[in-house]
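A.B. asks: Just so you know, the protein sequences line up as chains A and B, in that order.
Residue numbers for the first sequence follow the working numbering, so the first one is 351 and each next one is one higher.
Residue numbers for the second sequence follow the working numbering, so the first one is 351 and each next one is one higher.
When chains are identical, the list treats them as one kind, so a pair holds in a single copy or across two.
Computed cross-link-like contacts, SDA-like style, restricted to lysine to any residue with a CA-CA straight-line distance of at most 20 angstroms: (1) K533 <-> Y845; (2) K806 <-> K817; (3) K433 <-> K444; (4) K577 <-> R553; (5) K571 <-> R384; (6) K577 <-> S378.
Calculated from the structure, these hints are not laboratory results.
Remember, predicted model here, so these are calculated numbers, not experimental data.
Given next are the chains, with one letter for each unit.
Protein chains: 2
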Amino acid sequence: MELVNKFNELVSKQKAYEYVLNLAGWDSGTEAPRGAFQRRSEMLGVISGELFNLQTSKEYQDVVNGLFKVIGELDDITQREIKKAKKNLDKIIKIPKDEYVEYSKLIGLSQREWEDAKENNDYESFKGSLEKIFNFNKKFVSYFGIDDHPYNVMLDGFEEGMSMKEYDKFFNTLKTDLVPFIKEILNSGKVLNDAFITDFYPREKQKEFAEYLMDVLSFDKDAGLMKESVHPFTWNTHSTDVRFTTRYLENFMFSSIFAAIHELGHATYEQQIDPRWDNTTLNGGTSMGIHESQSRFYENNIGRSLEFWEAHYPKLLEIFPEQLRDVSLEDFYRGVNKVEASFVRVEADELTYPMHIMIRYEIERMIMSDEVSVDELPKLWNDKMVEYLGIKPSNHSDGVLQDVHWSAGLIGYFPTYALGSAYSAQFYYTMIKEIDVEALVKSNNIKAINNWLKEKIHTFGSSKTPKELLMDVTGEEFNPKYYIKYLKEKYTKLYL
Amino acid sequence: MELVNKFNELVSKQKAYEYVLNLAGWDSGTEAPRGAFQRRSEMLGVISGELFNLQTSKEYQDVVNGLFKVIGELDDITQREIKKAKKNLDKIIKIPKDEYVEYSKLIGLSQREWEDAKENNDYESFKGSLEKIFNFNKKFVSYFGIDDHPYNVMLDGFEEGMSMKEYDKFFNTLKTDLVPFIKEILNSGKVLNDAFITDFYPREKQKEFAEYLMDVLSFDKDAGLMKESVHPFTWNTHSTDVRFTTRYLENFMFSSIFAAIHELGHATYEQQIDPRWDNTTLNGGTSMGIHESQSRFYENNIGRSLEFWEAHYPKLLEIFPEQLRDVSLEDFYRGVNKVEASFVRVEADELTYPMHIMIRYEIERMIMSDEVSVDELPKLWNDKMVEYLGIKPSNHSDGVLQDVHWSAGLIGYFPTYALGSAYSAQFYYTMIKEIDVEALVKSNNIKAINNWLKEKIHTFGSSKTPKELLMDVTGEEFNPKYYIKYLKEKYTKLYL
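The whole structure should be built from the sequences, with the hints applied where relevant.
C.D. replies: Here you go:
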């Protein structure tokens with residue numbers, strides 16, 4: 351069908367623009383000099399504007415709308431592409447171009463502003479941009495004309511089909527089933543041999559271990575690379591160019607280890623996607639939640655398991671013989687699973703982690719409901735920290751300023767982190783029925799686990815929705831009980 | 351004038367495209383994974399095609415031609431812009447778009463091919479692409495319809511106003527005045543204490559010294575960065591984003607030191623250009639020759655001077671106390687100025703360096719005159735090495751495959767390297783009339799030298815032609831006698 355070819359041609363062109371903009375994003379996130387940001391954001395604003403023109407051109411609208419009218423006649427894959435394209439199109443054509451360009455420029459600059467603000471513990475210097483970002487997003491949502499709560503529109507943008515109703519249910523389950531359990535753990539009085547955690551681990555040595563981990567997880571170095579950044583992230587445009595970052599805190603080695611394993615999870619997903627999707631709208635992971643299920647699976651289910659350290663603790667001992675001299679495998683395993691109330695989400699343990707997400711979810715809900723101003727955010731943040739974790743941040747860098755997301759316009763993204771952890775537990779209980787995960791991890795055969803995930807999840811890219819994937823792989827809809835079960839089993843054994 | 355505003359607007363858009371393409375080039379040259387190149391070159395081909403459309407659009411042609419007609423009424427700066435634009439336009443509109451896109455893709459891929467070929471000493475695997483690149487360039491030049499030798503068209507593209515006639519004269523002067531002198535030096539029988547040159551200097555320690563050099567030369571780290579690559583280069587798009595690379599050979603530390611100083615010369619030029627040119631066609635250094643005059647000035651006139659090492663040898667000794675224990679300042683100074691016939695241009699000493707360029711100039715002249723095929727290049731290369739330097743490369747990696755330039759389509763670029771060295775001597779003899787360069791270098795006040803160069807050369811960007819700059823700064827036209835004088839004075843003192 352000629353119209354389908356035309357669609358593919360137009361998409362292919364848009365993808366080239368997305369690619370160079372993404373590349374500029376990678377550069378910004380890892381190495382671009384600070385002084386360059388003013389001029390660069392002007393130029394990237396031009397390119398964003400050009401992309402916007404393509405995404406909203408009459409030609410593209412005609413093709414998408416034309417195909418949408420005859421969607422029943424198209425094959426399954428093309429149907430999915432057109433539905434996705436139509437949904438995006440119906441939103442984006444509502445945004446006036448000048449506002450879109452202005453917003454793109456704002457986002458380009460505000461991430462560097464956020465970095466400075468965080469470094470200087472200076473919320474005041476950043477709140478102006480933050481307010482603009484929130485207002486832009488509210489305005490954009492209002493333009494869409496979707497008859498729903500603005501936050502639902504945002505949530506659906508990151509996780510197809512998810513809304514406050516479902517998230518409320520999910521977080522309520524956590525509150526009911528998990529919060530009392532966490533309290534029990536925190537009050538268990540268990541004392542760990544954990545001084546080694548904050549010992550000094552030189553940066554270069556940490557890097558050596560992170561490089562070792564790339565091999566352990568079978569990362570394809572010919573199709574990607576590892577670098578450093580303030581906030582670890584994974585970047586990709588197609589299956590042969592997948593990059594990720596970690597960071598090295600010399601007095602907290604776990605940060606680089608688990609950031610690396612986490613990002614390697616995202617990266618493995620992207621590297622294992624069938625290249626057939628590369629030049630289509632169905633490339634890349636299908637949703638933030640599914641993506642996070644993969645990163646959390648590698649980080650927690652694998653990376654924080656006893657079997658993993660049975661296999662790799664000897665290597666770590668070899669690199670840090672001094673620091674780990676008196677630390678047994680058992681101590682180390684308990685150390686990487688240490689539970690404590692803490693301020694910073696990315697350093698939080700697996701068990702308290704969802705509390706950090708709940709706080710952000712509730713705050714975003716209020717922002718998008720016009721229930722809170724940017725002036726009130728720091729206090730609101732701190733109050734919720736006290737409410738859920740019993741601790742109050744002593745500065746904004748460890749509080750409201752800790753995450754990059756809002757500076758990048760990502761509102762509605764956070765809840766997918768907790769959702770992803772829950773998805774990963776659900777996938778996990780299916781996986782262990784089919785392959786012996788513990789034995790594979792212990793024998794350093796993670797490749798076999800990669801293969802299972804590739805076949806069941808990764809290879810499909812975005813050609814299946816999160817809900818379809820969950821049903822196809824696990825045979826049921828999303829069910830948080832697996833997450834609760836997994837956490838309770840693991841931490842009961844460790845602490846109670 | 352409205353037409354001028356329109357011109358600026360169109361240029362501004364083109365610059366945004368150039369920017370993202372350049373950024374992709376920086377990425378390719380420093381870190382992009384090998385596996386990514388196929389897909390990335392497809393996407394960059396799309397963006398190059400879009401830029402081509404802008405550069406050849408009817409609208410842009412009308413504006414440039416319209417302004418060119420009334421050029422006498424424009425201010426000096428705009429005149430220079432329009433002349434430059436008109437010259438480029440008259441060339442580019444002659445190139446069919448599909449050929450332009452095909453060529454861009456070829457260039458995107460061939461640089462990685464060249465890297466592989468060089469690594470594997472495998473000329474055969476690369477010569478196909480090389481031939482295509484040569485043929486594309488010949489074809490493009492023929493499209494221009496300029497009534498001149500094809501190589502002259504190429505030469506003028508890198509150095510405005512230069513042609514074979516002038517280069518022949520220049521190289522003949524070198525042959526007459528320099529070749530016998532070089533022979534005298536090579537046969538002087540002077541024995542140096544130079545075993546330290548090939549001692550082992552760990553990569554990380556070399557990096558530490560390279561970072562020290564950034565401060566010595568007052569590089570603005572807020573407006574640029576240093577990285578590593580196989581072939582050192584400088585990259586920039588505007589004065590607040592200037593990046594350069596060096597490389598670390600653990601058994602040849604001079605490579606990283608002088609590559610860093612050389613690239614810092616290019617980078618200083620770019621960082622000191624007035625930002626008023628940023629969004630115009632007059633940003634960036636004015637020509638390859640002038641650029642190279644700056645890099646060579648910092649590398650040779652400063653970096654290989656006795657005064658420089660009087661100031662900085664103590665730091666180097668601090669970093670490498672073992673390796674340099676028995677090496678006096680005098681020995682070290684003689685070491686960095688050691689003259690010998692060698693294979694690799696980028697490692698060649700200051701004195702034999704122009705011989706390497708002469709070889710490339712003569713070969714390019716033959717290529718562009720259809721006097722040699724790609725099959726004959728390796729032999730031709732080796733024969734000329736024997737003729738001018740008396741040595742024959744034992745493999746292609748140290749011979750015809752050593753330089754990145756041809757794989758990037760840069761034909762006619764090489765001669766500017768020798769020209770730049772000659773320019774730098776001419777600038778130097780003017781400079782020492784006005785400031786005490788030796789004293790400033792010795793007292794580690796290179797900033798004062800930067801300032802002189804900024805005021806006389808850098809700040810103007812491309813708003814003056816190379817010939818204008820030379821005349822304005824030195825009061826005379828290009829004159830190679832300064833180069834000969836400089837080299838003879840320096841090396842007579844060192845060797846005879």
